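In case you want the letters, here they are:
Protein chains: 2
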Amino acid sequence: MLQVSDRGMALPLSPYRKLTPYADAAESRGVHVHHLNIGQPDIETPPTMLAAVQQASIRVLEYSPTAGYPSYRHKLASYYQRVGMPVVADDILVTTGGSEALLFAFMCCFNPGDELIVPEPFYGPYLGFAEAAGARIVPVMSHLDNGFALPPIVELAARITPRTKAILICNPNNPTGYVYRRDELEQLLALCQEHHLYLFSDEAYREFCYDAPFLSPLQLHGAAEHVVVLDTISKRYSACGARIGAFVTKSKALFQAAFKFAQLRVSPPGLAQLFAEAAAELPLSYFDHTKAEYRARRDLLLRRLRAMPGVECPTPSGTFYIMARLPVDSTERFAQWLLEEFDHDGQTVMVSPASGFYATPGAGQNEVRLAYVLNLPALEAAMNCLGHALEVYPGRC
Amino acid sequence: MLQVSDRGMALPLSPYRKLTPYADAAESRGVHVHHLNIGQPDIETPPTMLAAVQQASIRVLEYSPTAGYPSYRHKLASYYQRVGMPVVADDILVTTGGSEALLFAFMCCFNPGDELIVPEPFYGPYLGFAEAAGARIVPVMSHLDNGFALPPIVELAARITPRTKAILICNPNNPTGYVYRRDELEQLLALCQEHHLYLFSDEAYREFCYDAPFLSPLQLHGAAEHVVVLDTISKRYSACGARIGAFVTKSKALFQAAFKFAQLRVSPPGLAQLFAEAAAELPLSYFDHTKAEYRARRDLLLRRLRAMPGVECPTPSGTFYIMARLPVDSTERFAQWLLEEFDHDGQTVMVSPASGFYATPGAGQNEVRLAYVLNLPALEAAMNCLGHALEVYPGRC
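Quick note, the sequences are listed as chains A and B, same order.
Everything in the first sequence is counted per my numbering, starting at 1 for the first residue and increasing by one.
Everything in the second sequence is counted per my numbering, starting at 1 for the first residue and increasing by one.
Take every hint as true, because none was put in to throw you off.
Heads up, simulated DSSO-like pairs for lysine-lysine below, C-alpha to C-alpha not over 30 Å straight-line:
{"no.": "1", "chain 1": "A", "residue 1": "K252", "chain 2": "B", "residue 2": "K18"}
{"no.": "2", "chain 1": "B", "residue 1": "K18", "chain 2": "A", "residue 2": "K75"}
{"no.": "3", "chain 1": "B", "residue 1": "K252", "chain 2": "B", "residue 2": "K75"}
Label-pair restraints from in silico Cβ distances:
{"no.": "4", "chain 1": "B", "residue 1": "R182", "chain 2": "A", "residue 2": "R17", "range": "37 to 45 Å"}
{"no.": "5", "chain 1": "B", "residue 1": "E194", "chain 2": "A", "residue 2": "A10", "range": "25 to 33 Å"}
{"no.": "6", "chain 1": "B", "residue 1": "E194", "chain 2": "A", "residue 2": "R17", "range": "35 to 43 Å"}
{"no.": "7", "chain 1": "B", "residue 1": "G113", "chain 2": "A", "residue 2": "A56", "range": "43 to 51 Å"}
Source of the hints: derived by calculation from the structure; they are not laboratory data.
On a predicted model such as this, the values are computed, not experimentally measured, just so you know.
In this text, a Cβ means the ideal position worked out from N, Cα and C, and glycines have one as well.
Construct the entire structure; sequences and hints are all you get.
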């Protein structure tokens, strides 16, 4: 019998996909589905990015250097410096999306059986990257009731074993929207220093902080050997399809290992690097409009959600996600019911059940993640649907 | 002490890189270096490909579907059908270069400790992908004296153990240029059927066969569950920098496992898929000019090399590589000497020592791989350099 590998079997299908057939069926019945379930931004990609590709003169589209075009690495370093991060071009390995940066970090830091501590809920694919590397995610629960702040540092410390190699945070956090405070980051770094751990910081949503400035652990004193920043242009510039990210570290040994992995795939995408390079030249004021739009959407969702009886949601300070606790038996059942059995004036809403973001079985069963990637009128309509649905859902509790 | 993973340590640096500093130094001394060392084609990328991107109207560059744009998958299936391969869109997972197709195949078929039989010499990065998956490459020697034909099938059979999961061929072969015959492919498939093995076929150079038509093992009777084709547009359309490849199989179980890996990185590059889609529409006659050019270059190299005393080289029927045995003590030393100590009228030549393509220690020490990715006058000049160099090299034997 031909067999696939154990990790090929063990790897979970994306939780997003479970509901997709129901959404497709709803749409084919003529129901308009408001998609609050995925992190695909609707904001226009800066036209200057596409223009850079469209104006390029290319006789032969050659491999780029393995670490990325030097011109892009330099401009990206300048961007990091503008936001206060002490990054130079030599610290940057340009990757094929943030996902490849995660793959490099996991493959280069973990031996089979090693452990990685991650506050949960967390971005689901971390589990798959751990599976690929043979590593194990050790979750530490954060809680909706305090806005998903970093769990007490003693709880993380209690999970450290001789196999622990790293702590991973997503900052600002997908799915919670939480933005880690300086004192939390300092505690994390101190713990990593004490136990010789890497601190992975997934900063895909860096530019979307609404209530306080963003701080990367790379900006802390003593970060150099410990911190690996995993980055992507996907959300920052609404450029998910480009597949350009970055693996950023000041650890020469780790950079060298990641570089060897990067050599296997020769180079990151070339056209997309031209595209990304144009973005790296945008002034920071470019984000003003996008942030104002996202902030207005967040405030709308908070206002509408909090007006729904039994719904609780903390204020997320960053990203374009909101986590909400709903008065339902199970958000997995509720999400399916919304697509299969409900509509309000021919409309319904697709949400992400939060169970897909927890490693602990049974956690998050009455929570959902909502992505505010629709414009304000669409979000109002989606909230009308959600409010009505909660009134009539048979599994309300 | 912070440590990188065992595989991060074990992964070899690309052999290409060892000589690069010497080439850079030669160029900074004003010596013109003819680069026959890398497989970066000089043929123009079809302008219709860039035009497709440059004419695209894109408001938001969204994630593509995980398996690639349906329109591209369909057109790519049509291309495969035009070359006689029974492929439909559902058999195709669009990947980020051929390298990601290799990664998916290795991660999905091998458990740590599993074995993969590969005729050597072979494309060096296979070793790295095996390291990433925790698998071990078991080489079987092919020989310059018979043109690097498939070793006798009993030699492959003798290497099969309970840990063997697959046989990997590159067809046409990089680095040897050998094109596998129907009877060789049939023997390979029969062996895989007998022992329940996958047959990986890396077909990056499919379109470059000069003396006989190409045959993929996927075209053989009974191939469906066994064969995985690993493909890329890099060489076919001189589009290495795009990073678009394909993982092609009719095994539903394996496709599903690879799809789950693909979900981790969400989607392949979007702009590059538009680029590749335009290529998939080109008629097969597009290759006529390119093949004629490569064939003329091959014939030039064969004529010049065979006129050099002590040089032996079989006729490669495909790719744009030639393997040659040189009358030198070590092609590693010779290659470095060419860059460090030799020039002919201010020119020299950079070659790939073949040791980088062998897993067996000490093998291939008097062989080089030459890539004919320069135009005919440049190749003549490069051969003038090589001929003079062999006359004066102190390590000649």
